[in-house]
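Trainee: The lines below spell out each chain.
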Amino acid sequence: MFQDDEILREFVVESAEHLADVESQLLEIEDGGANINHDLVNTVFRAVHSVKGAAGFLGLVKINELAHNLENVLNLIRNQELVPSHAVIDRLLRSADLLRNMVNDVEASNGFNVSPQVEELKQILSGDFTNDLEAQDVAHSLVEVAQTVTTAVAGPRSGSSHEQSLEHIASKQTQSVAAGVNSRVAESKSGQRVPESNVRVNVAILDRLMNLAGELVLGRNQLLQSINSHCDHDHLSAVAARLDQVTSELQEAIMQTRMQPVGAVFNRFPRVVRDLSAKLRKNCDLEIEGSDVEIDKTIIEAIGDPLTHLIRNSVDHGIELPALRTAAGKKPEGLIRLRAFHQAGKVCIRIEDNGAGIDPARIKAKALSNGLISEAEAAAMSLNDTLRLIFAPGFSTAAEVTDVSGRGVGMDVVKTNIEQIGGTVDIESELGVGSAIHITLPLTLAIIPSMIIGCGEEKFAIPQTNISELVRVPAAECHERIGHVQGAEVLRLRGALLPLVRLSKLFNTDTLSASDESNDNGVMEAPRNLNVIVVESGQYRYGVAVDALYDSEEIVVKPLGRQLKELNYLAGATILGDGRVALILDITGIALHANLRSCEELNETESDLPNGALSADIHRLLLFANAPREHFAIPMACVSRIERTATKDIIEVGGRLLLSYRGSTLPLLALEEYITARPREAELEHLFVIVFEVSNREVGLIAPSLNDICNVALQVDDSALREPGVAGVLVIDECPTRLLDLMALSRTAYPEWAEQTPQLAAAASKHILIAEDSAFFRRHVQQTLTDEGYTVTAAEDGQEGWETLKEMNPLPDLVVTDVEMPRMSGLDLCKAIRGDQRTRGLPVIALTSLASDADIARGKAVGIDDYQVKLDKANLLTSIAHYLKVKR
Amino acid sequence: MQSVSSHSTARENTLQIVTFEVGKATLALDIATVQEINRSLKVTKVPHAPRQVLGVTNLRGEVITILDLHIVLGIKATAKTSASRNLIVNHDHELFGLGVDRVSDIMTISSELSPPPSNLQGLSRKLLRGVHQADGRLVLILDLSEVLKTRAVSEAA
Numbered sequence: 004m005f006q007d008d009e010i011l012r013e014f015v016v017e018s019a020e021h022l023a024d025v026e027s028q029l030l031e032i033e034d035g036g037a038n039i040n041h042d043l044v045n046t047v048f049r050a051v052h053s054v055k056g057a058a059g060f061l062g063l064v065k066i067n068e069l070a071h072n073l074e075n076v077l078n079l080i081r082n083q084e085l086v087p088s089h090a091v092i093d094r095l096l097r098s099a100d101l102l103r104n105m106v107n108d109v110e111a112s113n114g115f116n117v118s119p120q121v122e123e124l125k126q127i128l129s130g131d132f133t134n135d136l137e138a139q140d141v142a143h144s145l146v147e148v149a150q151t152v153t154t155a156v157a158g159p160r161s162g163s164s165h166e167q168s169l170e171h172i173a174s175k176q177t178q179s180v181a182a183g184v185n186s187r188v189a190e191s192k193s194g195q196r197v198p199e200s201n202v203r204v205n206v207a208i209l210d211r212l213m214n215l216a217g218e219l220v221l222g223r224n225q226l227l228q229s230i231n232s233h234c235d236h237d238h239l240s241a242v243a244a245r246l247d248q249v250t251s252e253l254q255e256a257i258m259q260t261r262m263q264p265v266g267a268v269f270n271r272f273p274r275v276v277r278d279l280s281a282k283l284r285k286n287c288d289l290e291i292e293g294s295d296v297e298i299d300k301t302i303i304e305a306i307g308d309p310l311t312h313l314i315r316n317s318v319d320h321g322i323e324l325p326a327l328r329t330a331a332g333k334k335p336e337g338l339i340r341l342r343a344f345h346q347a348g349k350v351c352i353r354i355e356d357n358g359a360g361i362d363p364a365r366i367k368a369k370a371l372s373n374g375l376i377s378e379a380e381a382a383a384m385s386l387n388d389t390l391r392l393i394f395a396p397g398f399s400t401a402a403e404v405t406d407v408s409g410r411g412v413g414m415d416v417v418k419t420n421i422e423q424i425g426g427t428v429d430i431e432s433e434l435g436v437g438s439a440i441h442i443t444l445p446l447t448l449a450i451i452p453s454m455i456i457g458c459g460e461e462k463f464a465i466p467q468t469n470i471s472e473l474v475r476v477p478a479a480e481c482h483e484r485i486g487h488v489q490g491a492e493v494l495r496l497r498g499a500l501l502p503l504v505r506l507s508k509l510f511n512t513d514t515l516s517a518s519d520e521s522n523d524n525g526v527m528e529a530p531r532n533l534n535v536i537v538v539e540s541g542q543y544r545y546g547v548a549v550d551a552l553y554d555s556e557e558i559v560v561k562p563l564g565r566q567l568k569e570l571n572y573l574a575g576a577t578i579l580g581d582g583r584v585a586l587i588l589d590i591t592g593i594a595l596h597a598n599l600r601s602c603e604e605l606n607e608t609e610s611d612l613p614n615g616a617l618s619a620d621i622h623r624l625l626l627f628a629n630a631p632r633e634h635f636a637i638p639m640a641c642v643s644r645i646e647r648t649a650t651k652d653i654i655e656v657g658g659r660l661l662l663s664y665r666g667s668t669l670p671l672l673a674l675e676e677y678i679t680a681r682p683r684e685a686e687l688e689h690l691f692v693i694v695f696e697v698s699n700r701e702v703g704l705i706a707p708s709l710n711d712i713c714n715v716a717l718q719v720d721d722s723a724l725r726e727p728g729v730a731g732v733l734v735i736d737e738c739p740t741r742l743l744d745l746m747a748l749s750r751t752a753y754p755e756w757a758e759q760t761p762q763l764a765a766a767a768s769k770h771i772l773i774a775e776d777s778a779f780f781r782r783h784v785q786q787t788l789t790d791e792g793y794t795v796t797a798a799e800d801g802q803e804g805w806e807t808l809k810e811m812n813p814l815p816d817l818v819v820t821d822v823e824m825p826r827m828s829g830l831d832l833c834k835a836i837r838g839d840q841r842t843r844g845l846p847v848i849a850l851t852s853l854a855s856d857a858d859i860a861r862g863k864a865v866g867i868d869d870y871q872v873k874l875d876k877a878n879l880l881t882s883i884a885h886y887l888k889v890k891r
Numbered sequence: 006m007q008s009v010s011s012h013s014t015a016r017e018n019t020l021q022i023v024t025f026e027v028g029k030a031t032l033a034l035d036i037a038t039v040q041e042i043n044r045s046l047k048v049t050k051v052p053h054a055p056r057q058v059l060g061v062t063n064l065r066g067e068v069i070t071i072l073d074l075h076i077v078l079g080i081k082a083t084a085k086t087s088a089s090r091n092l093i094v095n096h097d098h099e100l101f102g103l104g105v106d107r108v109s110d111i112m113t114i115s116s117e118l119s120p121p122p123s124n125l126q127g128l129s130r131k132l133l134r135g136v137h138q139a140d141g142r143l144v145l146i147l148d149l150s151e152v153l154k155t156r157a158v159s160e161a162a
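Same order as they appear, the protein sequences are chains Z and C. Residues 4 to 891 (our numbering) are what the first sequence spells out, left to right. Residues 6 to 162 (our numbering) are what the second sequence spells out, left to right.
What the hints contain is simulated information worked out from the structure, not anything from laboratory work. Model, not experiment: these values are computed from the prediction. Beta carbons: idealized from backbone N, C-alpha and C, even for Gly. Just to be clear, a hint being listed does not mean it is correct.
[Said to hold, decoys possible] To spell it out: a stretch of chain Z is covered by chain C in this simulated footprint if at least three of its residues, at any positions, have a beta carbon under 8 Å from a beta carbon of chain C; those stretches are:
1. 552–564
2. 583–594
[Stated by the list, open to error] Once the Cα atoms are required to be at most 25 Å apart in a straight line, the calculated SDA-like pairs of lysine to any residue come out as:
3. Z:K462 <-> C:H53
4. Z:K462 <-> C:V136
5. Z:K568 <-> C:V48
6. C:K85 <-> Z:E569
7. C:K47 <-> C:K154
8. Z:K561 <-> C:S87
9. C:K50 <-> Z:E569
10. Z:K561 <-> C:K47
11. Z:K568 <-> C:N95
12. C:K85 <-> Z:E460
13. C:K50 <-> Z:G35
[To be verified] The following label-pair restraints were derived from C-beta to C-beta distances:
14. Z:Q248 <-> C:L100: 26 to 32 Å
15. Z:D288 <-> C:R65: 51 to 57 Å
16. C:D110 <-> Z:G592: 41 to 47 Å
17. Z:D288 <-> C:L100: 31 to 37 Å
Starting from the given sequences, assemble the full structure and let the hints guide the process.
Mentor: Okay, here's the thing in structure tokens:
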């Protein structure tokens, strides 16, 4: 139907330009009221007029019809025959919106239904409805009066019939206004998908680009001349310096063409604030500063939605109703300030309101009820951390979800969106005074500072934002600082274990990798210093071992071709100074590629398991093998530390193994000597020693190879393989693994120590009640205590424990209870004990598997005297002895 | 570096093609898709890339992917010689390099191509637009979009 696409496109571009400012101009006209600014009205009139003319020429009948009526109303205003009241401007804005949408979707514009808007405009034109419109205006103010009255007279409910009728009218009116706003929001949304693929460039910048290009040509000519005339080095370097400068300037100037004033986004907010405050019956002014601050076009496009959300939030949650504001001694008009400014090479955007502020107590309550934080965490949280909770996923402060802010888009999405473009968000707030959101954005996305590294023959780039530190491990220390956990390499860094990814192995560029595997057998890797880059990305933190480190460079990101899009470990490519291509590494992708588990995943397994099996206990176990395919586990809670030692440092004295260690000796246990186990391989050069404490003595258990540390729900079979020193058998990763009882083991090895245990004699007369739902642990604890000489009564859960306790006479001397139990938890049992006159003074020790500080705080709050880890017998006994002595 | 004009001056019903050799096969592409022909470029290898990807290179500021036509077509690899070239082709506004053993000729042929013979050995008929007979030689005209779509084909003996 449209013969000439070119003309049509021109029409769209031109009309969009004409209509771009109409909205803000109409709003300005509204502010002026009866004092009509002729120039302004004329500008709008001319804009609409041009659209109308061109549309008529192109046969765009609907656009023409709407523009024609719009023009007529504007004409009335221009001739001072019509006062641009709120209601009139409302209708004009609605029509202008529709007009813009039609222009943006010009091919379908003749299918648009313009009659409602045309009708509205015709009503204004006919004059008969002016009164009605004014009546609406009056009704609108009535709503506010009613509001104030209702709030003010809320106490004495007399004369309510009056109020009710007022409110009735009021709500009717607001509904109609709201409906209008809704439809408009929907419309403007659909209109936002205009692909803005062209950039308007300031002519001054273009001139500069032309000049620089000229300089570049000049530089090239000089260079060619210099080369042809074999001239001296000095001259050549002068040419190079000149080219260098011109290129940098050229790059900068080209970057500038991508820069757009942030006002392009800010301009839509006066309308947003106006419409929303009208809808919520609030009174808000918007102050905009720094519209001329420039940012990269891609960033401008990306911040539109997050900023809109934040502005709407300020109106919806921040600014109070006028009546409330007056009551709080503030001006009835709320103020929102939107500012953009440069700071330290970045662009900052601040959104401040002088509204109600955020109540940290409410945030905490909400986060608690959503399960985002625990009570202990809440108590310890600083004001800033509390405020930042609003950015946590699944948090929304609005008591009720309104269709304004609670549209399924939370602050977490705002935060993610801004972080995606390399920005940050923070919040400040003071209750009763107001809130401020502070956003920092990079100037551009196209250039990122990166570290250039080498691997094999190629160079790669790692974005600086991902790099947290560089670590050089000297060749001599490689052996001590790099270990293996379940076949994967880890780097010891300041006491923590960091997963290590060797890039050369990952990319198969390392020809020596075959010999790497056998380093346990004494084949040393080439004595080379190891460069490790500690990287972080979202949930991952690990070390990347690289062959070489080069410079830090600002690189320009280039996309990769379609065949390489699926390689998730690549973020793109860049061109280095020598003209070669370097690939940019994606830190998250590499972690996935190398099969690293994220901290989050680990946390998930931690938090998932207990839900599945409430009474199954989660324990952190250290897994190791004595001989191949013979697996053992020790609760991490019992482990003081792990040492790596040379086999030759282990000496045998009087049939016992000792390790000379820091000037003294450490008694060692070799598993095969005390339980049925195959002996360790003799030719190992290095061994691990797991150090633990028994009766205040340090003992080391020889562990030839450490496999893993994992969280396991203990489902222990204690019927098979029963022998002293083995608490039971459990299956981990399909391997039968024996759970060791370190106390029993050391007692078998050093029977003389047990006799020195001081509490044994005194224990005989003491009676202990234990409540534990897991049969394995109940038996285990009962056995431990009976061995120690205590009299023990066992109960299968808290409920039974409490019932037993009530019937017991005399009372036991102490209660040992599990925490997670069906029917009655350990905490509830303790509450019951503390609540009863007779039992109030009993010491209560809780047994846990993985006790967090928060859990402990909660336990202490209900009166638990001490927390002990389940499989740590030695400490449990010490604690029991302590409380019984205190009792005595 | 020599540039080949992409504006075909051919009359209607004719097709201008660039012929080249990969192994012993003579192949051809529509000249309109070929932007330029390059001598050896500095190629950066991409670990774990599909087998037919030789690597990426810098073509005047753009990073483009170079494909090895030997692997795409399942033709036994030959050593690089001084005659080896990269055809830089444009498909869907994206540039690719195709590594070939030798660029031979530019020909104008009838755009009515004969279908590839059914007894064609070694390479998939799907990759061909058709064949052209010239001086007793069989020129196989490649379908560029199919060539770029292929995943690595196993090397034919």
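Trainee: Determine for every hint whether it applies to the structure shown.
Mentor: A quick look at each hint next to the structure:
1. Only residues whose beta carbon comes within less than 8 Å of a beta carbon in chain C count, and the stretch 552–564 of chain Z has 4; three or more means the coverage holds.
2. Proximity of the stretch 583–594 of chain Z to chain C, defined as three or more residues with a beta carbon under 8 Å from a beta carbon of that chain, is established by the 4 residues found.
3. For the hint pairing K462 (chain Z) with H53 (chain C), the CA-to-CA distance comes to about 15 Å; that is within 25 Å, so the pair holds.
4. Between K462 (chain Z) and V136 (chain C), the direct Cα distance comes to roughly 43 Å. Violation of the 25 Å bound is thereby established for this hinted pair.
5. Restraint check for K568 (chain Z) and V48 (chain C): satisfied, since their Cα atoms lie roughly 18 Å apart, inside the 25 Å limit.
6. Our distance criterion of 25 Å between C-alpha atoms is broken by K85 (chain C) and E569 (chain Z), whose separation comes to about 29 Å.
7. The suggested pairing of K47 (chain C) with K154 (chain C) holds, with an alpha-carbon distance near 24 Å, which does not exceed 25 Å.
8. Taking the CA atoms of K561 (chain Z) and S87 (chain C), the gap is about 30 Å. The hint is violated against a cut of 25 Å.
9. Taken as a hint, the K50 (chain C) and E569 (chain Z) pair is honoured in the structure, with Cα atoms around 16 Å apart against an allowance of 25 Å.
10. Distance check on the hinted pair: K561 (chain Z) and K47 (chain C) sit about 17 Å apart at the alpha-carbon level, within 25 Å; holds.
11. Our distance criterion of 25 Å between C-alpha atoms is met by K568 (chain Z) and N95 (chain C), whose separation comes to about 18 Å.
12. At most 25 Å may separate the alpha-carbon atoms for a hinted pair to count; K85 (chain C) and E460 (chain Z) meet this at roughly 20 Å.
13. Between K50 (chain C) and G35 (chain Z) the CA atoms are separated by roughly 66 Å; this puts the pair beyond 25 Å, and the hint is violated.
14. Our hint of 26 to 32 Å for Q248 (chain Z) and L100 (chain C) holds, since their Cβ atoms are close to 31 Å apart.
15. Judged by the Cβ atoms, the range 51 to 57 Å given for D288 (chain Z) and R65 (chain C) holds: they are separated by roughly 53 Å.
16. Between D110 (chain C) and G592 (chain Z) the C-beta distance comes to about 44 Å, which sits within the given range of 41 to 47 Å.
17. A hinted range of 31 to 37 Å for the beta carbons of D288 (chain Z) and L100 (chain C) is inconsistent with their spacing of about 53 Å.
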